[in-house]
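Protein chains in written order, with my numbering: chain A, 59 to 331; chain B, 59 to 331; chain C, 59 to 331; chain D, 59 to 331.
Please keep in mind that the hints were generated in silico from the structure rather than gathered at the bench.
Keep in mind that the hints are not guaranteed to be accurate.
Identical chains share a label here; the pair holds if one copy fits it or two copies do between them.
Claimed, not checked - Okay, derived cross-link-like pairs now, DSSO-like style, lysine-lysine, Cα gap no bigger than 30 Å in a straight line:
id, residue 1, residue 2
1, 204, 127
2, 237, 177
3, 293, 89
4, 237, 304
There are 4 protein chains.
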Amino acid sequence: MIQRLSLAMIVTLACLAACGSAGWAQSSPTKTAEEEDVERIGDLVLANHILADQGILDGFGHVSVRSAKNPNHYFISRSRAPALVSAADIMEYDFDDHPVDPRGRSSYLERFIHSEIYKVRPDVQAVVHSHSPAIIPFGVSDVPLKPISHMGGFLIREVPGFDIREAGGNETDMLIRNKELGAALATKLGNGTVVLMRGHGDAVVGQSIKHAVLHAIYAEFNARIEADALRLGGKVIFLNEVEARKVGAVNDTAVDRPWEIWKNQALSRSQSR
Amino acid sequence: MIQRLSLAMIVTLACLAACGSAGWAQSSPTKTAEEEDVERIGDLVLANHILADQGILDGFGHVSVRSAKNPNHYFISRSRAPALVSAADIMEYDFDDHPVDPRGRSSYLERFIHSEIYKVRPDVQAVVHSHSPAIIPFGVSDVPLKPISHMGGFLIREVPGFDIREAGGNETDMLIRNKELGAALATKLGNGTVVLMRGHGDAVVGQSIKHAVLHAIYAEFNARIEADALRLGGKVIFLNEVEARKVGAVNDTAVDRPWEIWKNQALSRSQSR
Amino acid sequence: MIQRLSLAMIVTLACLAACGSAGWAQSSPTKTAEEEDVERIGDLVLANHILADQGILDGFGHVSVRSAKNPNHYFISRSRAPALVSAADIMEYDFDDHPVDPRGRSSYLERFIHSEIYKVRPDVQAVVHSHSPAIIPFGVSDVPLKPISHMGGFLIREVPGFDIREAGGNETDMLIRNKELGAALATKLGNGTVVLMRGHGDAVVGQSIKHAVLHAIYAEFNARIEADALRLGGKVIFLNEVEARKVGAVNDTAVDRPWEIWKNQALSRSQSR
Amino acid sequence: MIQRLSLAMIVTLACLAACGSAGWAQSSPTKTAEEEDVERIGDLVLANHILADQGILDGFGHVSVRSAKNPNHYFISRSRAPALVSAADIMEYDFDDHPVDPRGRSSYLERFIHSEIYKVRPDVQAVVHSHSPAIIPFGVSDVPLKPISHMGGFLIREVPGFDIREAGGNETDMLIRNKELGAALATKLGNGTVVLMRGHGDAVVGQSIKHAVLHAIYAEFNARIEADALRLGGKVIFLNEVEARKVGAVNDTAVDRPWEIWKNQALSRSQSR
Numbered sequence: 059m060i061q062r063l064s065l066a067m068i069v070t071l072a073c074l075a076a077c078g079s080a081g082w083a084q085s086s087p088t089k090t091a092e093e094e095d096v097e098r099i100g101d102l103v104l105a106n107h108i109l110a111d112q113g114i115l116d117g118f119g120h121v122s123v124r125s126a127k128n129p130n131h132y133f134i135s136r137s138r139a140p141a142l143v144s145a146a147d148i149m150e151y152d153f154d155d156h157p158v159d160p161r162g163r164s165s166y167l168e169r170f171i172h173s174e175i176y177k178v179r180p181d182v183q184a185v186v187h188s189h190s191p192a193i194i195p196f197g198v199s200d201v202p203l204k205p206i207s208h209m210g211g212f213l214i215r216e217v218p219g220f221d222i223r224e225a226g227g228n229e230t231d232m233l234i235r236n237k238e239l240g241a242a243l244a245t246k247l248g249n250g251t252v253v254l255m256r257g258h259g260d261a262v263v264g265q266s267i268k269h270a271v272l273h274a275i276y277a278e279f280n281a282r283i284e285a286d287a288l289r290l291g292g293k294v295i296f297l298n299e300v301e302a303r304k305v306g307a308v309n310d311t312a313v314d315r316p317w318e319i320w321k322n323q324a325l326s327r328s329q330s331r
Numbered sequence: 059m060i061q062r063l064s065l066a067m068i069v070t071l072a073c074l075a076a077c078g079s080a081g082w083a084q085s086s087p088t089k090t091a092e093e094e095d096v097e098r099i100g101d102l103v104l105a106n107h108i109l110a111d112q113g114i115l116d117g118f119g120h121v122s123v124r125s126a127k128n129p130n131h132y133f134i135s136r137s138r139a140p141a142l143v144s145a146a147d148i149m150e151y152d153f154d155d156h157p158v159d160p161r162g163r164s165s166y167l168e169r170f171i172h173s174e175i176y177k178v179r180p181d182v183q184a185v186v187h188s189h190s191p192a193i194i195p196f197g198v199s200d201v202p203l204k205p206i207s208h209m210g211g212f213l214i215r216e217v218p219g220f221d222i223r224e225a226g227g228n229e230t231d232m233l234i235r236n237k238e239l240g241a242a243l244a245t246k247l248g249n250g251t252v253v254l255m256r257g258h259g260d261a262v263v264g265q266s267i268k269h270a271v272l273h274a275i276y277a278e279f280n281a282r283i284e285a286d287a288l289r290l291g292g293k294v295i296f297l298n299e300v301e302a303r304k305v306g307a308v309n310d311t312a313v314d315r316p317w318e319i320w321k322n323q324a325l326s327r328s329q330s331r
Numbered sequence: 059m060i061q062r063l064s065l066a067m068i069v070t071l072a073c074l075a076a077c078g079s080a081g082w083a084q085s086s087p088t089k090t091a092e093e094e095d096v097e098r099i100g101d102l103v104l105a106n107h108i109l110a111d112q113g114i115l116d117g118f119g120h121v122s123v124r125s126a127k128n129p130n131h132y133f134i135s136r137s138r139a140p141a142l143v144s145a146a147d148i149m150e151y152d153f154d155d156h157p158v159d160p161r162g163r164s165s166y167l168e169r170f171i172h173s174e175i176y177k178v179r180p181d182v183q184a185v186v187h188s189h190s191p192a193i194i195p196f197g198v199s200d201v202p203l204k205p206i207s208h209m210g211g212f213l214i215r216e217v218p219g220f221d222i223r224e225a226g227g228n229e230t231d232m233l234i235r236n237k238e239l240g241a242a243l244a245t246k247l248g249n250g251t252v253v254l255m256r257g258h259g260d261a262v263v264g265q266s267i268k269h270a271v272l273h274a275i276y277a278e279f280n281a282r283i284e285a286d287a288l289r290l291g292g293k294v295i296f297l298n299e300v301e302a303r304k305v306g307a308v309n310d311t312a313v314d315r316p317w318e319i320w321k322n323q324a325l326s327r328s329q330s331r
Numbered sequence: 059m060i061q062r063l064s065l066a067m068i069v070t071l072a073c074l075a076a077c078g079s080a081g082w083a084q085s086s087p088t089k090t091a092e093e094e095d096v097e098r099i100g101d102l103v104l105a106n107h108i109l110a111d112q113g114i115l116d117g118f119g120h121v122s123v124r125s126a127k128n129p130n131h132y133f134i135s136r137s138r139a140p141a142l143v144s145a146a147d148i149m150e151y152d153f154d155d156h157p158v159d160p161r162g163r164s165s166y167l168e169r170f171i172h173s174e175i176y177k178v179r180p181d182v183q184a185v186v187h188s189h190s191p192a193i194i195p196f197g198v199s200d201v202p203l204k205p206i207s208h209m210g211g212f213l214i215r216e217v218p219g220f221d222i223r224e225a226g227g228n229e230t231d232m233l234i235r236n237k238e239l240g241a242a243l244a245t246k247l248g249n250g251t252v253v254l255m256r257g258h259g260d261a262v263v264g265q266s267i268k269h270a271v272l273h274a275i276y277a278e279f280n281a282r283i284e285a286d287a288l289r290l291g292g293k294v295i296f297l298n299e300v301e302a303r304k305v306g307a308v309n310d311t312a313v314d315r316p317w318e319i320w321k322n323q324a325l326s327r328s329q330s331r
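So here's chain A without its partners, still in its complex pose (with noise of 0.2 Å):
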C-alpha cells in the first residue's frame, strides 16, 4: 500500500509538471535539468509498470532513461520484477555501469545493453529490453520482421538480428553480460529502433520514455500480425519504405493518447502492495 501511494503521488507530481506534453523535447524552457529529471523518473517508475501489464516484460527484462542533468549517466531500477519497481528502486549510473549511489541495492546484469546504446546514439533518451513473447520467434528465425501493421511504421526495412555468437563465440551464456557485448549489440542496431537477440529478446529505443515504451508494445503487435498474416497462407503485402518512415512519424507525435490510457491501465491493476 506505501508503495502504491508513492507510485500515484510520483504520478501527480510528474503531472503537474509534465501532462499534455508530447516528449521532453517540447517541454519548457523554464524546466530546469533536475526537475526534467524528477519528471524521467516518474515516467521510469510507470514504464516498468505499463509495460510488465501489457505483457512486454515479465520478472525479467528492464527500461531505463538517460539523464537530463548528466547526458553520460542513466536511470534504471536496482536488480527487481518490473511490476514491482518504485521510485526507490531507480538508481543512476556512470557509462561505466557504476551505480552513483547503490546502497547495498544489487544490479541488472545485462545494464551494459543500456549504457552502449547511449553512447553511440545521443538521439536515443530511454531504451527497453525484453523478452516479448511474440518478438523472439523472429530472432530465430531467418524470417525478417517488417512493417505489416501501421502502428508498426517505426520497423522500417528489414530489424536487424543480433547473434551473440557473432561477438562472444560459441560458449556465453547469452546475456549481455559486460561492455564488448554491450556495444556488438549497439553496433547492430544502427540507427535502427528495434534490436532482435537471438533466443533471448530485443532491444527497443526511443526519443523518449514513452517513445520507447511506444515502440516495443507495438513491435510485440506487429510482430503478432505478422506471424498471423503470414499463417493465412495466402500472398502479404507489407508497408512500403515511405508508408512506414510517414506513418512511424505520425505515430510518435500521438504517444500521448495511448500512454493515458496504459497508465491507467497499469495502476488500476497493480500488483504492487
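Add chains B, C and D to chain A, keeping to what the hints say.
Coordinates of chains B, C and D only, in the frame set by chain A:
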C-alpha cells in the same frame, strides 16, 4: 472516480428512456430528436468502453454515431483513448468534419472515415474504425474473410479490401486524413458492413450503435475462427449466401442480449478513475 | 448487488444439501424431488456463470438441466446472456418447449436442442449449447476432433458433426429453431457426449450439470491442444479407445475438484451488479 | 476470507525466516529442520497459487516438496484444486505414499509421481505435475521440445517423452496410479528437469520449490515460443548445449526475482474466499 460516476449516471439516464429496446427503429414515437440524441451519446460512451474492453480498440481507433436531430451531423469523441472517453469528450461534427463546439478539444485525424460513410449510406447510423487484431491479417492477404461462424453472417459474400495506394498513391502515411481518401473508402465499402483497410484495420457499420458494436466484435470473432479453421489443414465449409443473410438478420434482432453483458463487463472492469 | 447476493445465497442454500457430493447419483436417498430441483436450479445458475467465466459461452449459448420431479420437463434461463443469469431468470419447460410459468419472460430460440436430447437420452441430465471458439473450426473442417489430452477422454472415437443442410436444406438460418431440427441433432449425437454443429458450435451433455460443464470445458481444451499439436507438423498420437474410455470414467468421478475452483473464480470475477 | 488471511499469515511467517534467500542451499545454518519445513510448507501453498495464477495448473495437477526433517517424506496438498489450497490442506506422506496424519483428507490419485522421483533423485527437493497447455502438444508429437528461449536453458538437449504404454501396456487409464508407473516415469526423467507425459502433461523438478516453479513456468513459455517459431516456416536456431547449460545455471540463481512478482500476482488475484 468523477468520470466513473458520470459514466454510470449517463447509463442510468439513457436506460430510463431506452433499456430493453432493440434499436432505434423500435424506439418510442413520442421521443423527440433531442431525447434520441441524448440516448445516442450515452450509447456512444458505452460503445467506446465496450469495444476497448473486448479488445477491438486499444489506444487508437474510434466510434461515431449519426445525430438524430441533424442527420448531416455526427457525434464522436475528442482525440482520446476509447477506454477513457466520457460524455464531456463527445463532440458534434458537420459533414465537412468541422466541430460545432470545439472548446479547445482536439479532433481525431481520421474522422473523415465517418462523415464520408454517413454521406453515401443513409441506412448507417454508427461507424467503428479499429485496428482489430484478427482482422488486420486478412487486410494484407489475398485470403478472403468470409462467414464461417453463424455469428459472422453479416459478412455476406466477400468483404472488400481497401488499399490506400489505389486512391492515394504509393507515398501516403496510410491514414484517412482527408475527404478524398474517406470518400474512396466509403465507395469501396459499398453496401457492405465491413471494409478491410490494408496494413491498418477496418471500418464497420451498423443501423444503430449497438449493431455497429455487434458487427465489430463478431467480425473479429469470425476472423479468428476462420484463421484457426484454415490452419487445421483440412477442407473448410463456409456459410452459403442464404444462410449468412438469414442468420445475419436474426442476430441483428438479438443485439440487446450481448449488449447487456458487454455493458456490465465494461463498467465492472473500467479503468476510468 | 442484489443479484450478487441472491447468487451467493442460492449457492449457500444448495451447499447445505449438496456440497461434497460428486453428482446426483450419490445424493441422499432422503432428499425429495423438490429439494433435488432446488439444488439443480442452484447449480444451473452457477453453470451459467462458470461457462461464461471460462470462455465457453459469451452473450449467446445456453445450459439446461432436467427436472428431477418431472423428468419430462427441463429448466433453462429466459433469453439472457449467461453471465447475468440469476435464479429469477430460470424457467421450466415441457417437452413441447412451452414454458410452464412464463410471466412475460422471453425464451431462447433454440431451446429445442435441449428437449429433443432429453427425449432420446434418459441418461442425460444436463445439456450445454455453446459457440466454444476452439470447437467451431472442427465443426467446419474434415479434420476430426479426437481425444488427445486425457482430460478429453470422454470424446471417445470421433465426435459426430451435424450439418444443418442434411436436415433442413440449403436455405436455413443455421438455427435449431424447431422440433424437427432438434430431433435431427439429437439423432446425430447418438450415444456420444459432444455433437459438432457446422458453422455454429456444439451441444455437450452430462449425467449431471457438473458433468456437462466438465465436458464442455475440456472439449474446448482438447480442441485447442489438438489444433496446436497438428500445427507442430510432426506425427501425432491420440489416446486409444480403451485409454479414452477408462480415463473419461475416472475424470467423471473427480468433477467436484474443478467445480470448486470454477465456482470460486466465477463468483469472484462476476459482472453481475 | 479466513483462508486468505491464513495464506497471508503463512507468507509473512515464512518471510521472517527466509525472504531474500535464493534457495534452501543458502539458508541459515542455525535454522532447524522443523523451521525449514515450516518454510517449505509456506512456499508450497504459494506455489499452488502461483502455478494456478500463471495458467500451469487448472483444477488438476499438483506440486510437492521434500521434507527437510525426514528426506524420505514429502508434503503435498489433499486432493483439491491448487488455487484453493491453504496450509490446512497440506499432508505429509512417506515413500510408500501413505499419509502420516490423514484426518479424513483424501489423497491425489497420482502422488506416486512424486515419491518415485524423490527416491532416485536426491538432488530434487520439489516436483510439479501439470497439464501445462503448450507442453501437451510436444508430448504427443515427434517434434522435440528444445531450448529456444534462454529462459528455457534448463531444457538441455532433448526432453524425454514418457509413453505410459511402454510401462503399463495398451489398456491403462493414462494415470500414474501405482508405484510401478511412478518408477517408470522417474526412470524416463533420468537426470533431466522435465519429462513429457504422452496425452497428459509433464513432471518438472527443481532443487527447491521456487526452482520447480521457475522450471514449470518457463517450460511452458519455451514450448509456446518454439511452436510459434516453427510456424513461421523458416529455418530455426536453437540454443547450443553450452549456451543452454550456462544460462540455465544463471537463471537458477535469479529465481527470487520472478518469484516476488508471481507471489504478488497470485495473492492479489486470489479466488480464495
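For which of the previously enumerated hints does the structure constitute a violation, in increasing order of number?
1 and 3
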